[in-house]
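Engineer: Input sequences plus hints: build the corresponding full structure.
2 protein chains.
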Amino acid sequence: MGETSARATAPTIRDVAERAGVATSTVSRALSNPDRVNRLTRERIEKVAAELNYVPSSQARGLSSGRTNAIALLVPDVTNPFYFDIIRGTQNQLKAAGYTQLLVDTEESAEMEADTLRKMQRTADGFILAASRLTDAQILEAASSQAIVTINRSSSNAPTVVIDTPGAVVQALEHLTSLGHSRICYVGGPASSWSNAKRWKTFEDESRDRGLTTSRVGPFTPKTTSGAAAADAAVRTGATACIVFNDLLAIGMLQRLRERGIRVPGDMSIVGCDDIFGADFCNPPLTTMASPIEQAGRVAVSMLLAQLDPLNSGSSRRLAVMPTHLTVRGSTGPAPAN
Amino acid sequence: MGETSARATAPTIRDVAERAGVATSTVSRALSNPDRVNRLTRERIEKVAAELNYVPSSQARGLSSGRTNAIALLVPDVTNPFYFDIIRGTQNQLKAAGYTQLLVDTEESAEMEADTLRKMQRTADGFILAASRLTDAQILEAASSQAIVTINRSSSNAPTVVIDTPGAVVQALEHLTSLGHSRICYVGGPASSWSNAKRWKTFEDESRDRGLTTSRVGPFTPKTTSGAAAADAAVRTGATACIVFNDLLAIGMLQRLRERGIRVPGDMSIVGCDDIFGADFCNPPLTTMASPIEQAGRVAVSMLLAQLDPLNSGSSRRLAVMPTHLTVRGSTGPAPAN
DNA sequence: CAACTTTTGGCAAACGCTTGCCGCCTTGAT
DNA sequence: ATCAAGGCGGCAAGCGTTTGCCAAAAGTTG
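Same order as they appear, the protein sequences are chains A and B. In this note's numbering, each number is its position in the first sequence, counted from 1, plus 125. In this note's numbering, each number is its position in the second sequence, counted from 1, plus 125.
Nothing false has been slipped in among the hints.
Below 27 Å or equal to it, Euclidean Cα-Cα: the simulated BS3-like pairs (lysine-lysine) are: (1) B:K348 to B:K326; (2) A:K244 to B:K220; (3) A:K348 to B:K348; (4) B:K244 to A:K244; (5) A:K220 to B:K348; (6) A:K244 to B:K172; (7) A:K172 to B:K244; (8) B:K244 to A:K220; (9) A:K220 to A:K172; (10) A:K220 to B:K220; (11) B:K220 to B:K244; (12) B:K220 to A:K348.
In case anyone wonders, no lab produced these hints; they're calculated from the structure.
Structural biologist: Next comes the structure, spelled out in structure tokens:
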């Protein structure tokens with residue numbers, strides 16, 4: 126038995142055409158341009174295709190049509206829960222639109238990002254760059270030859286969806302001052318991060334307006350493991366509250382502070398950013414600037430798809446700002462009375 | 126200005142060939158089969174290719190060679206941190222091997238899984254099925270026509286990497302009994318999950334051997350939001366300890382138990398499974414059966430790639446068992462004295 | 001019924017690459 | 001000098017689609 130273990134070669138458009146007694150071009154049209162062929166013919170072809178279990182080769186299709194029906198999502202670190210939410214959002218939306226998602230981890234490296242963009246130019250119809258590390262010039266260059274949308278990396282050179290960090294920082298500051306805090310420390314993320322710069326700037330401006338005493342520590346890698354160093358540095362500044370670049374770092378700080386016997390929020394209040402998975406069940410639960418991350422991913426896909434669609438070129442948005450809000454949990458409280 | 130906004134069309138192998146004064150076939154070989162051409166020729170071609178910024182079209186390459194250099198990873202739920210780790214593991218390993226990862230969320234649906242397998246047969250060189258919901262017959266069918274590796278879904282029909290849950294369950298049981306627990310409840314995951322069945326069976330067998338009183342509740346969706354129902358059900362059984370299908374559910378239970386004023390581990394001990402992101406910083410930190418998930422992803426990729434490599438067909442492993450161990454944290458403690 | 005306009009389907013040329021086959025040119029051995 | 005054996009490069013046939021162009025068929029109009 127088993128004389129023929131040959132993996133049966135998949136049926137091609139030609140097989141369908143033959144069996145249906147038409148030309149391949151007709152099959153092609155019946156399947157992807159239904160109005161172009163007679164209803165009866167189409168139905169016959171569809172039937173045969175179903176019988177044969179025919180699936181068009183995306184490769185061949187791509188070769189001749191120039192479209193791949195895939196878009197690439199470049200994230201700096203697949204490890205980071207923040208990007209998980211983006212991945213989830215884009216994945217959903219892309220699938221709904223019949224696109225395949227190509228996931229690439231660029232390892233926080235601008236070079237790797239640029240490289241991927243180059244290597245995959247033919248592989249993907251478009252790119253979504255999450256928290257891109259690229260320079261404006263690089264983005265411009267990339268955008269000139271392919272469809273691109275950035276997330277959390279504003280640039281006039283490509284459509285962007287940004288999360289309204291400034292708004293959230295203001296809310297956080299208001300929250301903290303109303304709790305009596307006047308010495309607040311910003312715990313910074315990666316130096317090359319656009320959103321980090323943005324957050325810091327807003328923090329600084331708004332704090333000044335409010336006459337607060339501010340300090341800044343960092344940069345820190347946005348990982349829980351950097352939390353210890355971040356916490357120690359923040360404590361040294363004498364601040365009674367911290368606004369932290371992101372939740373990952375904030376959660377790491379929480380752990381360190383507990384180790385050191387510094388009570389949160391008794392001695393120190395902590396505000397994170399992003400409201401990632403885990404922010405609600407860490408100890409104490411983290412007050413954080415919640416971002417609709419997943420939705421940002423979806424919006425990015427929509428913008429990209431719009432860009433790809435020749436019909437409405439130009440009419441598509443260049444910028445989407447996602448609203449944020451402060452989610453108050455247990456990690457913030459009244460300033461220590463002293 | 127801007128008279129020519131035409132997105133410059135990417136250089137093809139022909140452009141390179143012309144500029145280097147050779148035939149396209151030579152370029153092709155120089156680039157993908159270096160030993161087949163003279164060193165000088167190759168170097169010249171490489172130089173020209175670099176100048177032109179030439180990137181071979183994976184589409185065309187795939188079409189003519191039959192390989193896509195992409196593999197698809199099918200996960201039941203991109204949302205679940207457990208799969209994040211798998212995604213991360215496969216992504217790393219695949220990139221190292223020069224493959225692209227196609228990520229697909231099958232939404233816990235066997236049908237969707239089968240469908241994807243069919244639709245992508247030409248798109249990917251192979252598939253990694255994480256926690257597949259497919260029946261044995263379906264897996265057999267799929268494996269007969271394409272390269273497949275399953276993760277946490279043993280089947281004699283395809284190479285598999287399983288995480289040694291039984292081992293971990295035994296450890297957990299030992300841990301709990303040594304703490305004096307004798308009434309233990311298993312909190313079940315999805316009915317269609319192979320690992321759930323496996324865990325339950327081991328739990329039952331081992332508990333019987335040890336003369337423990339067991340109970341079982343479920344099935345529950347493995348999400349934190351199901352934790353409340355799970356916790357309530359578990360409490361009703363009168364058990365003093367729970368072994369929970371996975372950490373997600375366990376973390377949800379932790380929250381609910383705190384709400385109800387049931388102390389963990391004072392009144393109830395909880396053991397999770399997987400050691401996902403968050404298990405170490407939830408409240409209390411979760412004792413859990415830690416799995417080398419990311420490594421499982423990497424191993425799966427290796428097995429798949431081996432399967433793809435005609436040279437060593439047959440010599441590749443059919444089964445990899447990833448060791449597990451119990452990580453004891455704060456959610457387990459002595460049985461209440463009553 | 002003639003003169004047109006639509007519909008509908010086929011032909012064949014791409015798309016950019018790989019690869020089997022062939023033949024020329026070196027090399028080295030005799 | 002002669003010849004066999006490689007090394008090396010070119011030719012051309014695909015790979016499975018899409019799509020511009022054309023022609024036959026069918027429908028419309030006056």
